[in-house]
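Asks: Protein sequence lines correspond, in order, to chains R and H.
Per my numbering, the very first residue in the first sequence carries number 1; after that it's consecutive.
Per my numbering, the very first residue in the second sequence carries number 396; after that it's consecutive.
Calculated from the structure, these hints are not laboratory results.
These numbers come from a predicted model, not from an experiment.
Glycine included, each C-beta is placed from N, C-alpha and C at the ideal position.
Where hints are given, some of them may not hold.
Just a few of them, taken from the derived set where beta-carbon distance is under 8 Å, the chain R residues facing chain H [said to hold, decoys possible]:
1) Lys135
2) Glu297
3) Ser303
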Amino acid sequence: MIFWEIAKRNIRIHLLRSSLAMLGIVIGVVAIASMGILGNSLVLTVSDSLKTVGDSVIVTPHVGGTMRGPPGGTGGPSSLSITEQNFQQIKRASAPNVAIPVLQTSDRMKLGVGSDEIVATIYGLNPDDVPDLLKLKEGAYSRGDSGVLVGSTFAKDNNVKVGSRIAIGTEGNKGTLRVTGIIEERGMAFDVSTDSAIIVTKDWFDQAYNRNDYDKVVVKVKNLDDLPAVKSAIENQMNKRDKIVDVVDTRKTMETIFSAFGQITTFVSAIGGISMLVAGVSILNIMMMSVTERIKEIGIMRSIGAQRKEVMSMFIYEALILGVVGSLIGGTMSLLGGYAISSVLLQTTKYLFVPSSMIHIIYGMSFGIVISLICGIYPAWRAANLNPIDALRHE
Amino acid sequence: MDEQPVMVFKDVVKVYPLPSGDVTALDGVCFKVDRGEFISIMGPSGSGKSTLLNLMGCLDTPTSGDIYISGTRTVDMSDKELTELRRDRIGFIFQYFNLFPLLNIIENVTFPMMLKSQKAVDPEKARAMLRSVQLEDSLFTHTPTEVSGGQQQRVAIARALINDPDILLLDEPTGNLDSKTGAGIMELMSELNRKGTTIIMVTHDLNIAAYSKRTIRIADGRIVE
Chain R
1 MIFWEIAKRN IRIHLLRSSL AMLGIVIGVV AIASMGILGN SLVLTVSDSL KTVGDSVIVT
61 PHVGGTMRGP PGGTGGPSSL SITEQNFQQI KRASAPNVAI PVLQTSDRMK LGVGSDEIVA
121 TIYGLNPDDV PDLLKLKEGA YSRGDSGVLV GSTFAKDNNV KVGSRIAIGT EGNKGTLRVT
181 GIIEERGMAF DVSTDSAIIV TKDWFDQAYN RNDYDKVVVK VKNLDDLPAV KSAIENQMNK
241 RDKIVDVVDT RKTMETIFSA FGQITTFVSA IGGISMLVAG VSILNIMMMS VTERIKEIGI
301 MRSIGAQRKE VMSMFIYEAL ILGVVGSLIG GTMSLLGGYA ISSVLLQTTK YLFVPSSMIH
361 IIYGMSFGIV ISLICGIYPA WRAANLNPID ALRHE
Chain H
396 MDEQPVMVFK DVVKVYPLPS GDVTALDGVC FKVDRGEFIS IMGPSGSGKS TLLNLMGCLD
456 TPTSGDIYIS GTRTVDMSDK ELTELRRDRI GFIFQYFNLF PLLNIIENVT FPMMLKSQKA
516 VDPEKARAML RSVQLEDSLF THTPTEVSGG QQQRVAIARA LINDPDILLL DEPTGNLDSK
576 TGAGIMELMS ELNRKGTTII MVTHDLNIAA YSKRTIRIAD GRIVE
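Isolated chain R, as found in the complex:
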């Protein structure tokens, strides 16, 4: 169509100003899409780190509550723990789901002769519960009290292999354990963060640290839809009179985290949106200039039979070309920008080429095109409604 051709040629002969208007759209698209991609990549990164614990209810002693501390404890918040009786109540409330009692402490340990002592987290778990909670990368689950499992980061950082020995306590005074398996990487977790920790049997832990009570109970819920019900059941059972335990639904917590990330992503994308609005004003400006420069041409068109809508279409096409080309360039640059940002900030680009990240490029490009069109409508309408006689007289 001839009006499309005229629009293209008008952009071509005013290449500099058209390019500057497009640059605004490019910046706007890059701002919106890159921020969106970054936000989504962050969500996916955290999601990946937390996904293994999204099926749990975590029960911990209520800080400031009246739960009985361990024998000989000071009674302060740090001495709070869950008794065997409490655990049995939690187990009944959460049945038929698996309730896993967890003991936790930190201690010095030495890995081999001549090596320096390090301090790491030690979890005490019943050997029967371990397969429900942790997956092994290599080796086997410990059956006897002399075995220990180690986290993947712990193993890597300390060059620990299956069969290595770890002396626990100052100068190994708590005993020496043999590594039977290395746990798969789990990332950040609400239940047990094992990557940089070691896992010993509950019996060994009780004996070494003289502990009978638990630090937390992890309930693995088989059907995720039951999470709220399990949480309520435990709360109703345990907090009937006083609040003695805090019960956390990990999926709910994750949803809260993702919601917060989503809000941050929306906020930074909105800042990108402002730059798009500025670009829109730039398009409006050059379209108004284009109309003013071509008033006589519009008069000629109208006098030889161009309808108002045809004149309008010519300017709409012009705005559309600026928007589409600017958005395409912006979309491409967003991909490159997203790649660069993901590489630098997240150290990975695996979350870039996924639909939930790519959609932000589509959003940015669509917004760019829509803004361009909206900002082209008024100048186009003005051009179409010029009086042909006045337009013909215009010098």
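Keeping the supplied structure of chain R fixed, place chain H upon it in accordance with the hints.
Replies: For chain H alone, kept in the frame of chain R given last:
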């Protein structure tokens, strides 16, 4: 043969309401134009020539009175209908040629065809039309700014004729040309008229008006002879 006049003005009045008071540009103008006529409209500045041309070209509507183009009453037509009438029945030729600088010569001539057909058109008719106004083939792909004023006016004539209009409206067609080139253009117009094209020309140049067969003189918004 079609005996219907191509244009009829009946008691046409045009008043421009201005803050300082109404200005009557045309006051009871009556005339008719038969098919094949070549008419000059002459008159001093401010006499109403331009207003008359705008009304004849359906670019404006009268305050009162009736105008018929090829038997069609135009007074109550919508903007869309008037635009279609201009596109299909009227050819405009302006003093300053008024070609589209972004289009080449062939595209300028095919432009009204595309408006009419709403699709891409065969440029062969435009080439034939340009040859009929004595424009060389080698110029067809040039832009208007790359050819002379006389050649531009020939392109404008070809553009005006491309949709086979009933009337050609000329507004000082030689006003921006030297006398020799202007004479060439007027010879072309006379030839077109001999072939049957109805021409109405606004001019203040007696030498140019001499090419027409009838002159309508206008003064103070009235036809005086």
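Asks: Which numbered hints are broken by the structure, listed smallest first?
Replies: Violated hint (a single one): 1; every other hint is consistent with the structure.
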